[in-house]
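Peer 1: The lines below spell out each chain.
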Amino acid sequence: MIPVFLKTPWVSEALKAGFWGCFATGFVSANALFLVWLERKVSARIQRRRGPIIAGPEGIFQTVLDSVKLFTKELVLPRHGKTFLYLLAPLLVFAPIIVSFIVIPAGKNLIIRDLNIGFLLIFAMSSVSFFSLFLGGWSSHNKYSALGGIRSVAQNIAYEIPLLLSVMGVVLLTGSLRMTEIVSAQSRIWFVLVQPLAFGIFFCAMLGETNRAPFDLPEAESELVAGYLTEYSGMRFALFFLAEYTHVFLGSALASTLFLGGWQGPLLPGPAWFLIKTYSVVLVVMWVRWTFPRLRSDQLILFSWKVLIPLALLNLLVTALGATLFLQP
Amino acid sequence: MLSVTLPPDTLRADKDAARHGYACEAVTRRDGLRELCARLKDQGYFLECLTALDFSDAFELVYVFSRTESASRFLTKVVLPKPDASGPGVGDIFPAARWYEREVYDFFGIRFDPHPNLKRLILPETPRIHPLLKSFKGSAVGADAEEVLSAIHEDRAAFDLLNPRTPKNDADSYELNLGPQHPATHGVMRIIARITGERVLSTECTIGYGHRNHEKMAEIQDYRAFWPNLGRLDYVGAMAYNFTYAELIERAMGIEAPARAQTIRVLLTELNRIASHLLWLATFLLDLGAFTPYFYCFDDREKILDITELCTGERLTYNFFRFGGVAHDIPEKRIQNMISDFIPAFRQKLKDYRTLIGKNIIFRKRTQGIGVLSKETALAYGVTGPSLRASGVCRDDRRVTPYSIYPRLDFEIPVRSEGDSYARYLVRMDEMAQSLRIVEQIYRNLPPGEILLPKVPKTVPRGEYYFSTESARGSFGIYLASDGSPTPYRLKLRTPSFSNISAFSELGRECFIADLISIFGSFDAIVSEIDR
Numbered sequence: 001m002i003p004v005f006l007k008t009p010w011v012s013e014a015l016k017a018g019f020w021g022c023f024a025t026g027f028v029s030a031n032a033l034f035l036v037w038l039e040r041k042v043s044a045r046i047q048r049r050r051g052p053i054i055a056g057p058e059g060i061f062q063t064v065l066d067s068v069k070l071f072t073k074e075l076v077l078p079r080h081g082k083t084f085l086y087l088l089a090p091l092l093v094f095a096p097i098i099v100s101f102i103v104i105p106a107g108k109n110l111i112i113r114d115l116n117i118g119f120l121l122i123f124a125m126s127s128v129s130f131f132s133l134f135l136g137g138w139s140s141h142n143k144y145s146a147l148g149g150i151r152s153v154a155q156n157i158a159y160e161i162p163l164l165l166s167v168m169g170v171v172l173l174t175g176s177l178r179m180t181e182i183v184s185a186q187s188r189i190w191f192v193l194v195q196p197l198a199f200g201i202f203f204c205a206m207l208g209e210t211n212r213a214p215f216d217l218p219e220a221e222s223e224l225v226a227g228y229l230t231e232y233s234g235m236r237f238a239l240f241f242l243a244e245y246t247h248v249f250l251g252s253a254l255a256s257t258l259f260l261g262g263w264q265g266p267l268l269p270g271p272a273w274f275l276i277k278t279y280s281v282v283l284v285v286m287w288v289r290w291t292f293p294r295l296r297s298d299q300l301i302l303f304s305w306k307v308l309i310p311l312a313l314l315n316l317l318v319t320a321l322g323a324t325l326f327l328q329p
Numbered sequence: 001m002l003s004v005t006l007p008p009d010t011l012r013a014d015k016d017a018a019r020h021g022y023a024c025e026a027v028t029r030r031d032g033l034r035e036l037c038a039r040l041k042d043q044g045y046f047l048e049c050l051t052a053l054d055f056s057d058a059f060e061l062v063y064v065f066s067r068t069e070s071a072s073r074f075l076t077k078v079v080l081p082k083p084d085a086s087g088p089g090v091g092d093i094f095p096a097a098r099w100y101e102r103e104v105y106d107f108f109g110i111r112f113d114p115h116p117n118l119k120r121l122i123l124p125e126t127p128r129i130h131p132l133l134k135s136f137k138g139s140a141v142g143a144d145a146e147e148v149l150s151a152i153h154e155d156r157a158a159f160d161l162l163n164p165r166t167p168k169n170d171a172d173s174y175e176l177n178l179g180p181q182h183p184a185t186h187g188v189m190r191i192i193a194r195i196t197g198e199r200v201l202s203t204e205c206t207i208g209y210g211h212r213n214h215e216k217m218a219e220i221q222d223y224r225a226f227w228p229n230l231g232r233l234d235y236v237g238a239m240a241y242n243f244t245y246a247e248l249i250e251r252a253m254g255i256e257a258p259a260r261a262q263t264i265r266v267l268l269t270e271l272n273r274i275a276s277h278l279l280w281l282a283t284f285l286l287d288l289g290a291f292t293p294y295f296y297c298f299d300d301r302e303k304i305l306d307i308t309e310l311c312t313g314e315r316l317t318y319n320f321f322r323f324g325g326v327a328h329d330i331p332e333k334r335i336q337n338m339i340s341d342f343i344p345a346f347r348q349k350l351k352d353y354r355t356l357i358g359k360n361i362i363f364r365k366r367t368q369g370i371g372v373l374s375k376e377t378a379l380a381y382g383v384t385g386p387s388l389r390a391s392g393v394c395r396d397d398r399r400v401t402p403y404s405i406y407p408r409l410d411f412e413i414p415v416r417s418e419g420d421s422y423a424r425y426l427v428r429m430d431e432m433a434q435s436l437r438i439v440e441q442i443y444r445n446l447p448p449g450e451i452l453l454p455k456v457p458k459t460v461p462r463g464e465y466y467f468s469t470e471s472a473r474g475s476f477g478i479y480l481a482s483d484g485s486p487t488p489y490r491l492k493l494r495t496p497s498f499s500n501i502s503a504f505s506e507l508g509r510e511c512f513i514a515d516l517i518s519i520f521g522s523f524d525a526i527v528s529e530i531d532r
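Chains as they are written, first to last, in the working numbering: chain A, 1 to 329; chain B, 1 to 532.
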């Protein structure tokens, strides 16, 4: 028997939120550990090395051991830093990304909340996350950190716009921001085939948004030591690290949902297709990272304003024309 | 021959260039030096090296001038009587002199006037120690060493990391301290950059963190005992440093190494040059944010190190050359097999690098037109090596001062005229191909015979000698003043990175922080040879 008080709306809602919160956090952490391992393996293959091989089969437990190490590390607090903000930043970078998973459909009915604002929530949350990189950099009282933080803000502003503009084409074709409707609109043809330019722009901007090479300027280790991360150690550092990998996963999940037909696919169940598509995009992201040198800060910003945004606007215009002419209202 | 009219009161003596390494020597008055320098500059000379000698009652300043197209070196000396010696500053005529003058001030306590910024270059800013004075004994234990240590401990001014250097009223710019511990300085070096936003306004290099004073070490031990030091100046391309020392002393002693030893020397030096350029390529791309080429370059470099290890027993800090030959013979058959495997494989790899790196759009955007070093600036600062040849000056010691078997070999000197980071990249890539060509020419037919002269004199005849060879980074020269005793009286190491990096402050302005790193990387500086 379910006690009556559990049936009151707010309690059941809270329980549900608690359950999904725990599930999302658990999944995100395990997934990030896996992605770190995957990155090390992929980079090793690209660089003709073997990567981790000692801990477990193919070194799969290496990242678990690494996280144990990070847990036991001393947490250093910069003496002149803004302590409260310094402590807040790692939480603020991680929490919004978990929240974003609410609207990602991983299967037919496997979505936590099918909000009508859909992916706008993800973009809003990812901006909060990016903003906290600045917070962390600024509160560390270190010039390298501050430079990294400033770069992260400039980059976020520059890359948020093409990201949204490129997705607007998909929205025009679907007529909805709802993720489930976007997925079901792709039951016949994936949007990547209808909107190839938008997908390219989305992918570039997503690299910029997730701070991945060749757009990893906020932490540019050969210039800024470790950028906004310089003063962070131990678990606080690990949270930034987890956030980065989760961000990559989120971006890839978004790409597969918006452009690659989401969870739809033959034979295999929905979640399997969702993961296959997402991890494929993740692998491409890693491939890009280990292949290219880094852009310079001004080139990065100009690339967005002078190339990506005009192209995205053009794409939007063409899509709007096409939608008016060929799709019934 | 020297075509410059010398100022009055100048004593001039012609020397045997083959033996001494310079054709002409002039002793001029203190007041006449600046005039002479200006004339030399008009004649196309550049200042290669500047140092001092400490005698009981006077100092002698030694200026080595050289020309780009020929080896005709010109040595100029100025005698400064001892108490409160002060020399004429020539930094406004030859900017290269600024760092050298600071170094002389540092090591000998000689002041220069005029000088824009006469402070210590290598040692901490302490007033007491001038280690190259003959009165400074410089043993590793004892009073001198303790004095050095206590002075360094007391010396707070040198470690002014915590002192804000920014003037209080300047709110628009700030100082960013790259180093001494920074991923991109490839060693312990400090670049102080004044920055506004992301733009670099000016830079200043602070060196000396890894200073060991090899020059003093040379003065307190005999000629043979100095061999191991040479491998430790530039640990990446150490073979060429052995080469200079061997050639210098052999020419001074009037001996010549057997043909087989000469060939082995050239073979190993050229292999070492490739290895050094590969390490440069790896770290330069790391500076640009590309991680993967590092492993590929190190993979190739490893094969060369295997060859040199089999020849010399060492992988990095080679100590293989001897006066009159090399330490021991090399296992010819195995080396030939290894090299014949290496050459075609590496040719293919070079081609791949040119495609994958040189054609990459981001790489080109990051290097083309960045850090443009003009021909004039390069010569004014005494920049040598690939960095100079990327600025359109075809000067390679292997051609201008023919030594060993190089005159008989068929190779080209790659030159580019752009002077930017991309040109420096291209020159080094071409140089690897040329070195490979040299290796290909000689490894099959090593001449038979002795590898070491049976009897070699222990002392160098009284006199002064200067010789330089082309190392991977540029012209590595040694100036030697011998008094005929078993130890050198003065041995000055003219390392190429020292001069190359003295030009860095000209380039590290009006650029971005990221450019600062990539320009520094494109010069291929090895900090341990800057600091010596």
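Among the clues, some could well be false.
As the list claims (entries may be wrong) - Lysine-lysine pairs mimicking DSS-like chemistry, simulated, CA-CA at most 27 angstroms apart: (1) B:365 with A:306; (2) B:134 with B:119; (3) A:306 with B:359; (4) B:77 with B:119.
To be verified - Some but not every residue of chain A turned toward chain B, in silico, with C-beta under 10 angstroms: (5) 34; (6) 38; (7) 40; (8) 43; (9) 46; (10) 112; (11) 116; (12) 147; (13) 213; (14) 214; (15) 222; (16) 223; (17) 226; (18) 291; (19) 293.
Derived by calculation from the structure, the hints in this document are not laboratory data.
Even glycine gets a Cβ: it sits at the ideal position worked out from N, Cα and C.
Peer 1: Could you run down the list of hints and mark each one as holding or not?
Peer 2: Now for the hints, and whether the structure bears them out:
1. Of the supplied pair hints, the one linking residue 365 (chain B) and residue 306 (chain A) holds, its CA atoms being roughly 15 angstroms apart against a limit of 27 angstroms.
2. With a C-alpha separation of about 21 angstroms, the suggested pair residue 134 (chain B) and residue 119 (chain B) falls inside the 27 angstroms cut-off, and the hint holds.
3. Distance hint between residue 306 (chain A) and residue 359 (chain B) is fulfilled; the C-alpha atoms sit about 22 angstroms from each other, no more than 27 angstroms.
4. With a CA separation close to 23 angstroms, the supplied pair residue 77 (chain B) and residue 119 (chain B) stays within the 27 angstroms bound.
5. For residue 34 (chain A), the interface hint is violated, the least distance from its beta-carbon to any beta-carbon of chain B being 21 angstroms, above 10 angstroms.
6. Here the hint on residue 38 (chain A) is broken, as its CB sits about 16 angstroms from the closest CB of chain B, past 10 angstroms.
7. The restraint placing residue 40 (chain A) at the interface with chain B is violated, with a minimum CB-CB distance near 12 angstroms, outside the 10 angstroms limit.
8. A cut of 10 angstroms between beta carbons decides the hint on residue 43 (chain A): the least distance to chain B is about 7 angstroms, and the hint holds.
9. The interface hint given for residue 46 (chain A) holds, since its Cβ lies 6 angstroms from the closest Cβ of chain B, which is under the 10 angstroms cut-off.
10. The closest approach between the C-beta of residue 112 (chain A) and any C-beta of chain B is roughly 37 angstroms, which is over the 10 angstroms cut-off, so the hint fails.
11. At a threshold of 10 angstroms, the smallest CB-CB gap from residue 116 (chain A) to chain B is about 40 angstroms, leaving the interface hint violated.
12. Annotation: interface hint on residue 147 (chain A) holds; nearest CB of chain B at approximately 7 angstroms, less than 10 angstroms.
13. Evaluation of the residue 213 (chain A) hint against chain B yields a held restraint, the C-beta minimum of about 6 angstroms falling below 10 angstroms.
14. For the restraint placing residue 214 (chain A) at the interface with chain B, the shortest Cβ-Cβ distance is roughly 6 angstroms, inside the 10 angstroms limit, so the hint holds.
15. Taking 10 angstroms as the C-beta cut-off, the interface hint given for residue 222 (chain A) holds, the closest approach to chain B being about 5 angstroms.
16. Hint status for residue 223 (chain A) relative to chain B: holds, with the closest Cβ pair at about 5 angstroms, below 10 angstroms.
17. Interface restraint check for residue 226 (chain A): the shortest CB-CB distance to chain B comes to about 9 angstroms, inside 10 angstroms, so the restraint holds.
18. Taking 10 angstroms as the C-beta cut-off, the interface hint given for residue 291 (chain A) holds, the closest approach to chain B being about 7 angstroms.
19. Interface hint status for residue 293 (chain A): upheld, as the beta-carbon distance to the closest one in chain B is roughly 4 angstroms, under 10 angstroms.
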